[in-house]
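S.K.: Next come the chains, spelled out residue by residue.
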Amino acid sequence: MQAKSPLARVVVHAVLLCGSFLFLFPLFWMITTSLKPVEETMLTPPRWIPSVWRFDNYVQAVTYGSQALGYIPFFEYGKNTLLLCVLVVTGTVVSNALIAYGFARLEWPGRNALFGLTLATMMIPFPVLMVPMFVLFKHLGWVGTFRPLWVTAWFGSAFNIFLLRQFFLTIPRELSDAAVVDGCSEFQVFRHIILPLSRPALAVVALFSFLYTWNDFLGPLIYLNDQRMFTLSLGLQFYQSQAGGTEWHLLMAAATIVVLPIIVLFFFTQRTFIQGIAVTGMKG
Amino acid sequence: MTEFRRRQVRAGLAFISPWLIGLGVFLLYPIIASLYYSFCDYSVLDRARPVGVANYAELGSDKLFWKSLLNTLFYAAFSVPLGLCLALGLALLLNSGVRGLTIYRTIFFLPALVPMVALAVLWLWIFNGEYGVLNSFLSGLRVPAPGWLTDPAWSKPALVLLSLWGVGYAMVIFLAGLQEVPVHLYEAADLDGANWRHKLWHVTLPMISPVLLFNGIMGIIGSLQFFAIPYIMAPNGQPARSAYFYAMYLYDNAFLYLRMGYASAMAWILFLLILFLTLISLRLAARYVHYEAG
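Chains as they are written, first to last, in the numbering used here: chain W, 1 to 284; chain R, 1 to 294.
Next up, chain W with everything else stripped away, as it sits in the complex (with noise of 0.2 Å):
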C-alpha cells in the first residue's frame, strides 16, 4: 500500500524518525555510558555525552577485579563462545546438510513417515527435553564441560533439516541425474552438485546458529559450573550480579563487548540475514 500524497509521506517519515530515535536511543545509551567516567554516570539531569572518552573503561572491564579473588577474564569468555560457535556451525551445517539430502533427493522406504515425525517434534517446548538430557549428560560425566553444548548439534534439528530440504527440492534434477548417469556415487552428487549450489540457505543456517550459540544463556547456565569456562553471555550475567548497582559504565561496556561482534557480523551479512528470516516466516 502506497502512501501517494505529500503529506501523508511526510506523516510516514515524521514517525518513523520518532521511532527510529526510540530503538537506537537504548544502544547510544549502552556505548555513550561505556565512555564516561563514573561520576558522569551519576548525573541528574544525565549527561548525554561524556566530557572525556574513557576508552580505559574497557581495559577495565575485561579485566574487572583482577587484582582481587573472582577476576571475571573476559578474553577467556571470549575464547570458550568463539570455540562452542565454531563446533556447533560446523556440526550443525554438515550434519543437517547430510540429513536434509536424504530427506530431499533419495527414496527410502518410511521416508515420509520419518519426515513427519520430524516435524512434529517442532512442536517440543525446550523445557520438556531439559531434564532428561541434563541427566543423560550427568551420567556420560559431560556435566562441567563443553560437550552438552556442541555434541548435539553434530546429529541434526528438525527445523534446519526441513528449511535446507525445502531448498534442495528447488534444485533441478536433471543436474543430479546427469551425474549419476556419469558413473557419480551419491556423495559426490551432493558433495560437487548439491552443496555448491546451496550456499545461500547454508549461509542462513549457519549464521542463525553461530547467532543462537553466541546468544545462548540457559545452556552454559545447566552445564558450565567452572567459572574459567563460561561464556560471554555467561560471564556478562556473572558479571553483572557480582559487580551490579555499582560500576554502570563498566557493565556497559561490557555489555558492549559482547553486543558489537554480532551487530558488524549483521553489517557483513545482512542480505542473507533479512532473506533469512523472511524465509522462515513465508514457509510456515
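Everything labelled a hint here was simulated from the structure, so no lab data went into it.
Hints may contain errors.
Footprint (simulated), chain W over chain R, 3 or more residues, beta carbon under 8 Å [as the list claims (entries may be wrong)]: (1) 30 to 39; (2) 88 to 94; (3) 109 to 123; (4) 131 to 143; (5) 209 to 217; (6) 242 to 255; (7) 260 to 270.
Chain W stretches covered by chain R per the calculated footprint, using a threshold of three residues with CB under 8 Å from any CB of chain R [to be verified]: (8) 27 to 37; (9) 93 to 103; (10) 143 to 157; (11) 246 to 253.
Virtual Cβ for every residue (Gly too), placed ideally from N, Cα, C.
Mind docking chain R on chain W? Use the hints.
M.R.: Chain R in isolation, oriented as in the chain W frame:
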C-alpha cells in the same frame, strides 16, 4: 528390488543416520523419560521413585506455581498482541514506498540482535530508579516516574515494554509478507474508490493473515518460555515474586531444589498449554486466515 533402488535405500539411510541418532537419543528418549519422571520423585542423586500423579496433584495446590503461571499469562497477553501491532505497524510504514527503506529496516531490526543477557543488563540501567535515563526523561516531562523493577505493580509492564524493543524479527517477516501482496489488488481497490482504511482491512490484512498467524504462534510459544531476561533482571522474580515466570520456577525446581520429577510435570503442563493455545489459534485461523490458491 533393482540394484538402483537398493543403492538409493542404502545411501538414504547413510545420509540420515546422524538424525536417527539425534532423533532417538536427543528427542524421543528425553520426551519419554520426561513423561516418566513427571510421575516420579527424582532428585538425580537417588533413583527415580514412581509416585503416581502426586506431582500433578501438588502443583494444583502450589501457590507459587499458580503465581508464576498467571505472571506468564499476563506477560504473554500483553507482549504478544502489542508486539504484533508494533511490528505490523512498522512494516506497513516501511512498505508505504518511503525512501530509505533499508536504513529504517536496519535501525528497527538492530535491537532484535542484542544478545538477551546484554539486553537485560542494558535495560537494568535504563530502568534504574536512581540514575536511570527513563525516569529522568519522565520527570523532565513532569510525569510521575514509577519504580519499574522495584515496584510489584510495574515490574511486568516494564518487561512488556522491553519486549517491544525486540520486535525486529516479526517486523522483517511482516515486511516480506507485505511485499508479496500483488499490486493489482490495490489498483482494483483504488478503482472502486477505497480509502487506505478499506485497503488495509479488506486487502492487506487478509493477504498477510498467514504471516500474522505464524508470528502470533511464535510469539505465544516464545513468551510462555520467557526466562533469561527476568532471571537476570529480577532475581527470584522480586519484588514480591511479581516477575517470577513459569520457566524460572521450572528451572528452580529442577536445578535449585533438584526436584526433577516436579519440574518435568511442570514442563508437560507447559507443553499442553502451548499445544492448546496453538490449536485455538489454528481454529481461529481456519475461519479468518486467507490462503492464496497455489
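S.K.: Taking the hints in turn, state whether each one holds.
M.R.: Here is what the structure says about each hint:
1. 30 to 39: holds (count 5)
2. 88 to 94: Coverage by chain W holds here, the residue count being 4 at a Cβ distance below 8 Å.
3. 109 to 123: holds (count 13)
4. 131 to 143: holds (count 4)
5. 209 to 217: It holds: at least three residues are needed, and the segment 209 to 217 of chain R offers 3 whose Cβ sits within less than 8 Å of chain W.
6. 242 to 255: As far as the segment 242 to 255 of chain R goes, the hint holds, because 5 residues have Cβ atoms under 8 Å from chain W.
7. 260 to 270: holds (count 7)
8. 27 to 37: That given contact holds, which follows from 4 residues of the segment 27 to 37 of chain W lying within Cβ reach (below 8 Å) of chain R.
9. 93 to 103: holds (count 6)
10. 143 to 157: Held - the segment 143 to 157 of chain W has 5 residues with a Cβ nearer than 8 Å to chain R, which meets the minimum of three.
11. 246 to 253: holds (count 3)
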